[in-house]
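Peer 1: Please build the complete structure, drawing on both the sequences and the hints.
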Amino acid sequence: MINWIWLFFIVIGFVVAAANGNIEAVTKAALDGAKSGVTVCFGLISILVFWLGVMRIAEDAGLLQKIAVLLRPIVRFLFPSVPKDHPAVGYIMSNMSANILGLGNAATPMGIKAMQELQKLNPNKDVASPAMCTLLALNTASITLIPTTLIAIRMNYDSMNPAEIVGTTLLATIVSTGGAIIIDRWYRRVHSRRPPAPPPSPPQRGGEGAKREGRSRPPNSPVRTVTTSEKG
Amino acid sequence: MYAVVSLISAWAIPVIIVFIPLYAAYRKVPVYESFVDGAKDGFDTAIKIIPHLVGMMVAISIFRASGAMELMLGWMRPLLSRIGVPSEVLPLAILRPISGAGSLAFTTDLIRQFGPDSMIGRIASTVQGSTDTTLYVITVYFGAIGIRKASYALKVGLVSDLIGFIASIVVCYLVFT
Numbered sequence: 001m002i003n004w005i006w007l008f009f010i011v012i013g014f015v016v017a018a019a020n021g022n023i024e025a026v027t028k029a030a031l032d033g034a035k036s037g038v039t040v041c042f043g044l045i046s047i048l049v050f051w052l053g054v055m056r057i058a059e060d061a062g063l064l065q066k067i068a069v070l071l072r073p074i075v076r077f078l079f080p081s082v083p084k085d086h087p088a089v090g091y092i093m094s095n096m097s098a099n100i101l102g103l104g105n106a107a108t109p110m111g112i113k114a115m116q117e118l119q120k121l122n123p124n125k126d127v128a129s130p131a132m133c134t135l136l137a138l139n140t141a142s143i144t145l146i147p148t149t150l151i152a153i154r155m156n157y158d159s160m161n162p163a164e165i166v167g168t169t170l171l172a173t174i175v176s177t178g179g180a181i182i183i184d185r186w187y188r189r190v191h192s193r194r195p196p197a198p199p200p201s202p203p204q205r206g207g208e209g210a211k212r213e214g215r216s217r218p219p220n221s222p223v224r225t226v227t228t229s230e231k232g
Numbered sequence: 001m002y003a004v005v006s007l008i009s010a011w012a013i014p015v016i017i018v019f020i021p022l023y024a025a026y027r028k029v030p031v032y033e034s035f036v037d038g039a040k041d042g043f044d045t046a047i048k049i050i051p052h053l054v055g056m057m058v059a060i061s062i063f064r065a066s067g068a069m070e071l072m073l074g075w076m077r078p079l080l081s082r083i084g085v086p087s088e089v090l091p092l093a094i095l096r097p098i099s100g101a102g103s104l105a106f107t108t109d110l111i112r113q114f115g116p117d118s119m120i121g122r123i124a125s126t127v128q129g130s131t132d133t134t135l136y137v138i139t140v141y142f143g144a145i146g147i148r149k150a151s152y153a154l155k156v157g158l159v160s161d162l163i164g165f166i167a168s169i170v171v172c173y174l175v176f177t
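Line order of the protein sequences matches chains X and G. Residues in the first sequence are numbered from 1 upward in steps of one, following my numbering. Residues in the second sequence are numbered from 1 upward in steps of one, following my numbering.
Everything labelled a hint here was simulated from the structure, so no lab data went into it.
If you want a taste of the chain G side facing chain X, the calculated C-beta under 8 Å gives, among others:
1) F35
2) S66
3) L71
4) T126
5) Q128
6) I147
7) K149
With a straight-line cut-off of 25 Å between C-alpha atoms, the simulated DMTMM-like cross-links for lysine to aspartate or glutamate are:
8) K120/X / D37/G
9) K28/G / D85/X
10) K155/G / E70/G
11) K120/X / D85/X
12) K149/G / D126/X
13) K28/X / E70/G
14) K66/X / E33/G
15) K155/G / D126/X
16) K35/X / E70/G
17) K35/X / E24/X
18) K66/X / D37/G
19) K66/X / D85/X
Glycine included, C-beta positions come from ideal geometry on N, C-alpha and C.
Peer 2: Okay, structure coming up:
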């Protein structure tokens, strides 16, 4: 589906720009988009480096495992495929708490770390596992207690009550998160009823895919990153 | 409620930053070494996201700059405004899951134009605050671990965005009228 959306954006953009006699906008937009993609990633570096460091301390101290034990019932319900006491559980919970508190830049590293742990459990490294889909659904719908940015903007424009949207946001976000969990459940059931897709074996995918995978791997990837287990 | 939660938000990170190393030291973990060991994964992870994010941003940027998005919104507007949704906030339903910066700019503009305390301003604030940018979240999270097939995750994300959008409008009408 993501392939189609991507193609749709580019092809329709091209056609409309051509019809409007505005074709040079496409070149500029492509380069601007590429630049902002890199800029955003560079912005992520500092946040990721810092939080992954802090989270490693928490992991080494056994804190994440403690969280995992405490919140076992919730995880059991949302992520039945993740074994209890697995480090993924601790990261998932940290990600969810950071989201709820509106700590966006702390939530992303924890979510990525949770994904990396889930990837270790994933039998098919190219395809998202059901647990990953659930985590993603929770993040796209993200329950927010305080939409800080919005309150700031409303203050800027002299709102009588900048925080009056806290309640409505919370209600809407609870509805959409609940919806996300239900839809995710439904899709998971539909998918598990289908016969499981055969895992991609190298000869099937052809040499091209294997080559690409090799190239995408950083030259000296640390032992703990997922790339090393990709080949496992 | 707001005061309590914003107090928690302000204190959460400082407390986490102090508590985790302190507890770890108590458990005899070499805290600094442990931090550095974990932190060095951060760079690789961020770099690994670049191709995914560049690909997505280029497509979105072309789609917006070409005027295709405007066109699409123009078609949808009469269709949806018939249901009773104020047509000014409709573009948000499409912008929100695609572009975080774009939808924030659009929301800010609506607030400036109609005032933060108008129904449109309130709905836009609620929509903007209650969901995340689905395409960005998918790109970053799955990009970081090299997932190529997102399975049904995108569908779930987009449908829940739609639910969030409708819920925002309904809730705003229930609360503010």
